[in-house]
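Residue numbers (the working numbering), protein chains in the order written: chain Z, 282 to 635; chain L, 282 to 635.
Errors might be hidden in some of the hints.
Remember, identical chains collapse to one label, so a pair may be satisfied in a single copy or spanning two.
Claimed, not checked - Keeping only pairs whose Cα atoms sit at most 35 Å apart, straight-line, the calculated DSBU-like set for lysine-lysine is: (1) Lys353 to Lys482; (2) Lys341 to Lys478; (3) Lys573 to Lys353; (4) Lys631 to Lys540; (5) Lys453 to Lys478.
No lab work stands behind these hints, which were simulated from the structure alone.
Number of protein chains: 2
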Amino acid sequence: MNVKRFKENPLITPEDVKPFHDNHEVIGVFNAGVAEFDGETLLLLRVAEQPISEHPEVVKAPVIDFTNGTGKLRIVDLDKSNPIYDFSDPRSINFISDGRGAYLTSLSYIRLARSKDGRHFTVDDTPFIYPGTEREAWGVEDPRVTHIGETYYIQYSAVSPEGIGVGLISTKNFSTYERHGLILHPENKDVAIFPEKINGKYYTLHRPVPKGIGRPEIWIAESDNLLYWGNHQYLLGLSEDGWDNGRIGGGAVPFKTEKGWLEIYHAADQNNRYCLGAVLLDLENPARILAKTEVPILEPEAEYETSGFFGNVVFTCGVTLRGDNVRVYYGASDTSVAAADLSLEEILSKLTYL
Amino acid sequence: MNVKRFKENPLITPEDVKPFHDNHEVIGVFNAGVAEFDGETLLLLRVAEQPISEHPEVVKAPVIDFTNGTGKLRIVDLDKSNPIYDFSDPRSINFISDGRGAYLTSLSYIRLARSKDGRHFTVDDTPFIYPGTEREAWGVEDPRVTHIGETYYIQYSAVSPEGIGVGLISTKNFSTYERHGLILHPENKDVAIFPEKINGKYYTLHRPVPKGIGRPEIWIAESDNLLYWGNHQYLLGLSEDGWDNGRIGGGAVPFKTEKGWLEIYHAADQNNRYCLGAVLLDLENPARILAKTEVPILEPEAEYETSGFFGNVVFTCGVTLRGDNVRVYYGASDTSVAAADLSLEEILSKLTYL
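If we strip away everything but chain Z, and leave its shape as in the complex, we get (with noise of 0.2 Å):
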């Protein structure tokens, strides 16, 4: 595959970008929702905050209190000697019991970057999408925009600690929004909404990750009005082997072709390496696979991508595209925004029919 990464590579990193919590820093600035507004590039950028620890001993994890009504930011200090916590993984302090989160060490929002050329951002100074419910007290996550007529849905994840939902937001200006509550329930991430109805209904790529029965593979639901979801079918899965067998989730926003609507999406291996890579879907019925690629499209090879708070991911929550271009905006290692153009024929070629 023929990927013309930008020289501009990383695009955006976290020097890029201003604290907007005192006493914190920007570890992470990734996972760029993407949207074509009144001329400009919009990347929806997932910005991770950490408090600044003085003490290698105490690890501080940031929530949102909404104790009171309104969301209030509060520091959490544990002692690193506690032996309640795993803090092994860097991105989140689990539970030695059971292995699960209790806390997350960074608050992630949404924040805008504007382009006029695709190439060059400006980063917004303040927050689009902070947490605004007790369901998104630990941040909001990894946006994907979809639009429709004169609309732009933007899914994202909404953490707490009662799990990870999809929130769904609307907006028609990228200032002003609407807020719709949770679209699905815990534990689900990944949702990429198809930008038409499909034969009378919408439809959206969505990622469950069981905890009994079943692996993180991609699901497919549908539905009248984007806010209620049903007839939930299973997609694709992953391999037992090769870059494909840890987990598998949607990536891009679901773009039409001739030969049918083609989901640009992430799968990662039992190492965490994460690759994209390309499924084709029917156009008259997109819970329908019609083919997809064995290797990556785009795997973890420039020194951003292999190296970082999380090394050795690519993960694209968007592209663009022109002609035959597709323009595939991803996070780089949980760490920085990277851009590469690839050729919409030659993915088209690379795909293997069943």
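Go by the hints and put chain L onto chain Z.
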């Protein structure tokens, strides 16, 4: 709490049910949905059948195989010395590597039992709802029945290697029925749909089981059409200790009282001892809890409740109502069906208001 257990308890035991499959035994008839239809009380029994193994070192796992389009029972022989499986749970064979379910030890389906007096039941000879799709390859379990207008909506756990989701079936005559696919994605069970619209929306209780963050607790969702669900809200959580600190989930279909919607739910402690509790929800907004019982209203005490295939379990999927009398049908020890009469007034008097 004054619990009037039926003197006939257990009402239906595995001995009362002839196996549907050759070379199988019925190991459980339990967790029955309840409906009143045509002057009779119907129980939608969960019947669990296990293949008979002639060799003590071979465990036989039943699956419905849809490879050729229509489902066909297939028996998988598993050697107890196989090091990749954990055989310690009587209900499932799990992968040692990640604890995930590899097979179930029995296949569940739904069978009808009929009674004129709600006390003496005749069990049908053949299944009513049998696995009918790939998402039910490991069985259909734990039905609840919600009566709306002329239609009975049956909500049940649809179990397959891809996870435990929630299926919906509607019937008007308990003879023919229509499938509506999965209304909730894995991992979820213990759905109980309210019997009428509330301020223009249908509501359901449900119980996700998230993997990374969160616990098995009760959520509530809303719908326009019973098929598509959204606005998922967290409703009732575990306690940190006591009878309800392990898992909690919806039980009977909620019913209306003057004080609010009354829900009789189940909760288990860390030792998997399952009891029933009651929670009162706002008549106008069932996502709002008004009151709940601090102690169980029914707990495993009788011999058939403390001993069996999986002992120390009482688990309800439905009740019938006559004036002040709440007749609770419940599964006992994942083995048999029992019933008890409780006073509505007494349940309401035991509630602690928030």
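Hint by hint, where does the structure go against what was stated? Just the numbers, ascending. 2
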